[in-house]
Amino acid sequence: MNKILIIGFLLIPFGLLLTSGFKIPSAENSQSASSFHQQKLPGETIYKKYCISCHQADGGGVPNMAPPLQQTSYVLGEKETLIKIVLNGLKNVDINEETYNNPMPALGSVLKDKEIADVLTYVRNSFGNKTAAVTAAEVKAARSKAK
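The opening position of the sequence shown corresponds to residue 409 in this note's numbering, with each subsequent residue numbered one higher.
Since the hints were derived computationally from the structure, they do not count as laboratory data.
It is possible that some hints are incorrect.
Think about it this way: if two alpha-carbon atoms lie no more than 27 Å apart in a straight line, the pair counts; the simulated BS3-like pairs of lysine-lysine are [claimed, not checked]:
#  : residue 1 : residue 2
1  : LYS492    : LYS520
2  : LYS520    : LYS457
3  : LYS522    : LYS492
4  : LYS457    : LYS499
5  : LYS548    : LYS492
6  : LYS553    : LYS499
7  : LYS520    : LYS553
8  : LYS522    : LYS553
9  : LYS457    : LYS538
10 : LYS492    : LYS456
11 : LYS492    : LYS553
12 : LYS456    : LYS548
13 : LYS538    : LYS492
Restraint ranges, calculated between C-beta atoms of paired labels, are given here [to be verified]:
#  : residue 1 : residue 2 : range
14 : SER517    : CYS462    : 16 to 22 Å
15 : ASP502    : ALA545    : 29 to 35 Å
16 : LYS520    : GLY468    : 15 to 21 Å
17 : ASN537    : THR453    : 15 to 21 Å
Glycine included, each C-beta is placed from N, C-alpha and C at the ideal position.
With the hints as extra help, turn the sequences into a complete structure.
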């Protein structure tokens with residue numbers, strides 16, 4: 409009985425720490441996790457909601473319908489061009505000597521600047537791509553030019 413009381417008494421400070429907002433470090437909130445991985449997750453969620461049905465889970469696209477997102481010049485090239493595609497949509501385009509006829513809808517009225525920046529950062533750093541992130545400020549600037 410005395411052993412139970414002693415153990416309980418020793419656990420009280422630990423319980424107080426937990427109820428006061430102290431968090432036990434975990435893999436999810438560890439400082440060792442890369443900041444890019446944390447930044448990439450919102451874009452991945454948006455990609456799965458709006459893009460995956462045409463561009464596929466691997467970013468490979470669909471021949472003659474939706475272009476691939478894997479190491480192509482339009483994904484890795486000028487950010488503003490890519491931002492404008494998401495804002496305004498795109499149809500009947502020739503990319504890398506192949507024609508894609510499935511129209512991409514304009515998502516400028518559906519997604520906020522940060523959401524567009526997140527999904528484009530995800531695309532520009534997934535599917536074998538590795539290039540600079542897109543910021544919400546860059547999306548905002550491209551959006552204001554389009555008006």
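**OP:** Decide if the proposed pair is consistent with the structure: LYS548 and LYS492, CA atoms, cutoff 27 Å inclusive.
**Re:** It holds: about 11 Å lies between the C-alpha atoms, which stays within 27 Å.
Subject >> CYS462 and SER517 - C-beta distance against the hinted 16 to 22 Å >> reply: holds (18 Å)
**OP:** Assess, step by step, whether the Cα of LYS522 is no farther than 27 Å from the Cα of LYS553, and give holds or violated.
**Re:** holds (17 Å)
**OP:** Could you grab the alpha-carbon distance between LYS520 and LYS553 and see if it respects the 27 Å cut-off?
**Re:** This hinted pair holds, its Cα atoms lying about 16 Å apart.
Original post:
Between LYS553 and LYS499, does the CA-CA distance stay at or below 27 Å?
Top reply: With a Cα-Cα distance of about 21 Å, the restraint between LYS553 and LYS499 holds, given a limit of 27 Å.
Original post:
LYS492 and LYS553: Cα distance at most 27 Å?
Top reply: Since the Cα atoms of LYS492 and LYS553 sit roughly 10 Å apart, the hinted pair holds (cutoff 27 Å).
Subject >> Given hint LYS456 paired with LYS492 - CA-CA distance at most 27 Å >> reply: Status holds; Cα separation ~20 Å.
Original post:
Under the criterion that the straight-line Cα-Cα distance not exceed 27 Å, is the pair LYS456, LYS548 satisfied?
Top reply: holds (23 Å)
Subject >> Pairwise hint evaluation, LYS499 against LYS457, where the allowed Cα distance is 27 Å at most >> reply: At roughly 20 Å apart (the allowed maximum being 27 Å), LYS499 and LYS457 satisfy the hint.
Subject >> Distance restraint hint 15 to 21 Å, applied to the beta-carbon atoms of ASN537 and THR453 >> reply: With Cβ atoms ~18 Å apart, the hint holds.
**OP:** Please work out if LYS538 and LYS492 have their alpha carbons no farther apart than 27 Å.
**Re:** Given pair LYS538, LYS492 holds - Cα atoms ~20 Å apart, limit 27 Å.
**OP:** State, for the Cβ atoms of ASP502 and ALA545, whether the hinted interval 29 to 35 Å holds or is violated.
**Re:** Because 31 Å falls inside the window, the suggested range holds.
Of the numbered hints listed earlier, the single one contradicted by the structure is hint 16.
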